[in-house]
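As a plain string of letters, each chain reads:
There are 2 protein chains.
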Amino acid sequence: MSDIALIRAAAERLKGHVRRTPLLSSPFLDEIAGRRILVKPECLQHTGSFKYRGGRSAVSALDPETRAKGVIAFSSGNHAQGVALAACQMGAPAVFIMPADAPQLKIANTRALGAEVVLYDRAAGESREELGEALQAERDLTLIRPYDEPQVIAGQGTCGLEIAEQAAELGIHEAEMLVCCGGGGFTSGIALALEADAPGLKVRPVEPEGFDDVTRSLASGRIETNAGVSGNICDAILTPAPGKITFPILKRFCGPGLVVSEDDCLRAMAHAFQRLKLVAEPGGAAALAAALFHGDQLSADTVIVTISGGNVDAPMFQRALQTLGDTS
Amino acid sequence: MSDIALIRAAAERLKGHVRRTPLLSSPFLDEIAGRRILVKPECLQHTGSFKYRGGRSAVSALDPETRAKGVIAFSSGNHAQGVALAACQMGAPAVFIMPADAPQLKIANTRALGAEVVLYDRAAGESREELGEALQAERDLTLIRPYDEPQVIAGQGTCGLEIAEQAAELGIHEAEMLVCCGGGGFTSGIALALEADAPGLKVRPVEPEGFDDVTRSLASGRIETNAGVSGNICDAILTPAPGKITFPILKRFCGPGLVVSEDDCLRAMAHAFQRLKLVAEPGGAAALAAALFHGDQLSADTVIVTISGGNVDAPMFQRALQTLGDTS
Numbered sequence: 000m001s002d003i004a005l006i007r008a009a010a011e012r013l014k015g016h017v018r019r020t021p022l023l024s025s026p027f028l029d030e031i032a033g034r035r036i037l038v039k040p041e042c043l044q045h046t047g048s049f050k051y052r053g054g055r056s057a058v059s060a061l062d063p064e065t066r067a068k069g070v071i072a073f074s075s076g077n078h079a080q081g082v083a084l085a086a087c088q089m090g091a092p093a094v095f096i097m098p099a100d101a102p103q104l105k106i107a108n109t110r111a112l113g114a115e116v117v118l119y120d121r122a123a124g125e126s127r128e129e130l131g132e133a134l135q136a137e138r139d140l141t142l143i144r145p146y147d148e149p150q151v152i153a154g155q156g157t158c159g160l161e162i163a164e165q166a167a168e169l170g171i172h173e174a175e176m177l178v179c180c181g182g183g184g185f186t187s188g189i190a191l192a193l194e195a196d197a198p199g200l201k202v203r204p205v206e207p208e209g210f211d212d213v214t215r216s217l218a219s220g221r222i223e224t225n226a227g228v229s230g231n232i233c234d235a236i237l238t239p240a241p242g243k244i245t246f247p248i249l250k251r252f253c254g255p256g257l258v259v260s261e262d263d264c265l266r267a268m269a270h271a272f273q274r275l276k277l278v279a280e281p282g283g284a285a286a287l288a289a290a291l292f293h294g295d296q297l298s299a300d301t302v303i304v305t306i307s308g309g310n311v312d313a314p315m316f317q318r319a320l321q322t323l324g325d326t327s
Numbered sequence: 000m001s002d003i004a005l006i007r008a009a010a011e012r013l014k015g016h017v018r019r020t021p022l023l024s025s026p027f028l029d030e031i032a033g034r035r036i037l038v039k040p041e042c043l044q045h046t047g048s049f050k051y052r053g054g055r056s057a058v059s060a061l062d063p064e065t066r067a068k069g070v071i072a073f074s075s076g077n078h079a080q081g082v083a084l085a086a087c088q089m090g091a092p093a094v095f096i097m098p099a100d101a102p103q104l105k106i107a108n109t110r111a112l113g114a115e116v117v118l119y120d121r122a123a124g125e126s127r128e129e130l131g132e133a134l135q136a137e138r139d140l141t142l143i144r145p146y147d148e149p150q151v152i153a154g155q156g157t158c159g160l161e162i163a164e165q166a167a168e169l170g171i172h173e174a175e176m177l178v179c180c181g182g183g184g185f186t187s188g189i190a191l192a193l194e195a196d197a198p199g200l201k202v203r204p205v206e207p208e209g210f211d212d213v214t215r216s217l218a219s220g221r222i223e224t225n226a227g228v229s230g231n232i233c234d235a236i237l238t239p240a241p242g243k244i245t246f247p248i249l250k251r252f253c254g255p256g257l258v259v260s261e262d263d264c265l266r267a268m269a270h271a272f273q274r275l276k277l278v279a280e281p282g283g284a285a286a287l288a289a290a291l292f293h294g295d296q297l298s299a300d301t302v303i304v305t306i307s308g309g310n311v312d313a314p315m316f317q318r319a320l321q322t323l324g325d326t327s
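Residue numbers (numbering that gives the first Met the number 0), protein chains in the order written: chain A, 0 to 327; chain B, 0 to 327.
Quick caveat, the hints were computed from the structure, so don't treat them as lab data. The C-beta atom is built at its ideal place from N, Cα and C for all residues, glycine as well. One should not assume that every hint holds.
Said to hold, decoys possible - 20 Å max Cα-Cα, derived EDC-like pairs, lysine to aspartate or glutamate:
no., chain 1, residue 1, chain 2, residue 2
1, A, K243, A, E261
2, B, K68, B, D29
3, B, K14, A, E164
4, A, K14, B, E168
5, A, K14, B, E164
6, B, K14, A, D147
7, A, K105, B, D29
8, B, K250, B, D196
9, B, K105, A, D29
10, A, K250, A, D147
11, B, K105, A, E30
12, A, K105, B, E30
What the hints assert, rightly or not - Covered stretches of chain B, as calculated for chain A (at least 3 residues, CB under 8 Å):
no., region
13, 34 to 47
14, 275 to 283
When you get a sec, could you build the whole thing from the sequences and use the hints?
Have a look at this one:
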């Protein structure tokens with residue numbers, strides 16, 4: 000069961016390993032938004048995204064014997080990096096199943112962290128699930144799911160504990176808390192933590208256009224799925240549907256979702272560059288984009304947003320910088 | 000007199016106003032450098048550079064009556080932003096003398112913080128000193144010098160207090176501490192703080208090629224000047240010579256200076272983008288550049304570097320990103 004006790008236990012295990020990211024702000028962003036914006040930059044977390052929290056939480060929760068056998072994940076992205084670093088730090092073998100056509104840099108980075116990468120050929124119809132299950136059985140590896148996994152949600156929730164503390168230090172007890180949302184692990188973890196420690200901070204998920212499964216699911220009250228699984232620059236937060244574990248949490252605690260365009264995200268990346276000196280990836284800038292450009296859907300005087308990750312390549316970042324001509 | 004007592008008093012005044020920036024790292028940077036690198040990102044400080052520390056320290060040290068009359072500074076850069084925000088927060092009028100051909104964005108940003116900008120025409124031979132002195136006398140304003148000013152040095156030194164604490168938390172008691180160095184306010188402040196709280200961290204200034212006045216002054220034992228005052232992309236740390244107050248401190252506490260090229264700085268900016276998710280300006284990346292590319296001049300197993308600022312425009316940042324083709 001995902002609950003606050005699991006999050007507090009994760010926070011104990013992560014102490015001294017996870018970075019306590021600061022809470023940043025800029026008067027220039029406040030002016031654009033017409034309200035106070037506070038930014039939680041998880042792009043500054045180890046491996047460049049909040050995913051290290053969940054990875055470290057999950058790997059450290061395993062009993063030593065199980066951990067020594069190793070872990071496996073299906074990911075070429077931020078989840079892989081987070082789990083790879085955590086496994087490497089704790090001496091656990093780690094295997095990642097990635098498409099052969101994944102960016103070379105991501106494959107190289109994961110290997111550089113000491114992990115084993117097994118490639119599958121999407122085009123030739125190889126199934127990553129079959130490949131993964133075979134490996135898992137053969138070596139008795141533990142699968143670390145990216146979001147529908149209580150210890151991963153607990154790890155992401157540690158970010159919520161920090162936000163609750165940092166908001167209290169600033170005397171903030173009422174705010175809307177916008178979270179970049181894929182499968183809902185980060186959003187549900189933060190929601191659980193805030194419900195316990197800062198119930199006046201109301202979580203609302205933010206998603207990219209065309210991938211608003213959580214927003215629609217919250218509206219209808221049941222799990223809705225997206226038509227596609229790719230084709231948006233917000234690659235880090237494209238998921239088919241909210242998770243079986245995350246959705247009930249989201250449903251219980253979250254306000255309505257917000258939806259942002261690719262252009263919103265690029266412009267938010269440019270503002271994060273100019274005003275916060277931060278590198279955000281497109282999906283990582285979704286919540287900031289909502290705060291800056293969709294204020295008509297917000298009601299609180301103070302909005303806290305996550306920048307969930309900063310793993311973006313130079314050409315995409317340059318695309319974002321080009322929007323400054325329009326907005327600065 | 001600049002001393003540790005002045006720094007501790009400044010830290011008390013800055014509490015709750017200055018950001019405690021984190022100490023970051025990346026295994027990828029360690030690998031390039033062949034040693035452990037820790038990064039103190041003052042680009043995340045209010046106004047995008049460490050200069051807010053000194054500005055707030057100086058403005059808050061004034062007695063209320065003097066402060067109410069206002070402050071004045073000669074700067075179009077990071078010092079102006081830092082003083083402007085501090086003055087605005089404390090209700091002090093602030094006047095900045097800037098060249099009429101300074102970047103419009105810098106002028107606009109300073110005005111947006113509530114400050115008055117008085118422009119002078121460099122080409123027409125107007126003297127900013129005469130203009131400034133006239134204004135200062137007429138309105139009884141207090142001049143805030145960018146580095147040769149004890150309360151400014153004390154403010155910059157608060158960054159050193161944080162570094163001493165953060166290094167101790169990591170169990171680090173011996174390291175080389177590389178500081179991006181212009182007139183020496185930041186470097187001397189950090190040196191004073193570390194001498195008191197972490198004497199095993201040895202400060203070394205880092206300067207751009209052609210503007211290595213501090214490095215040459217440390218070598219000769221007396222104040223040396225640069226031939227030029229402009230013509231290098233590291234605009235934030237181009238100064239004619241070490242200060243009369245800063246140099247004796249630098250001479251007493253610092254190891255030999257290091258000198259980096261413009262290309263070193265651009266490449267370091269690209270690495271900060273890729274591995275730390277930080278936006279550094281060219282001069283702000285000088286110390287990281289020394290750690291990454293001039294390791295033959297270092298001896299410690301651990302090197303701590305400042306990223307002193309992140310106020311860079313998009314075209315210059317794009318130039319930095321273009322170096323990734325060569326180094327990634």
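### Task
Just pull the numbers of the violated hints for me, sorted ascending.
Hint check: 1, 2, 6 fail, others pass.
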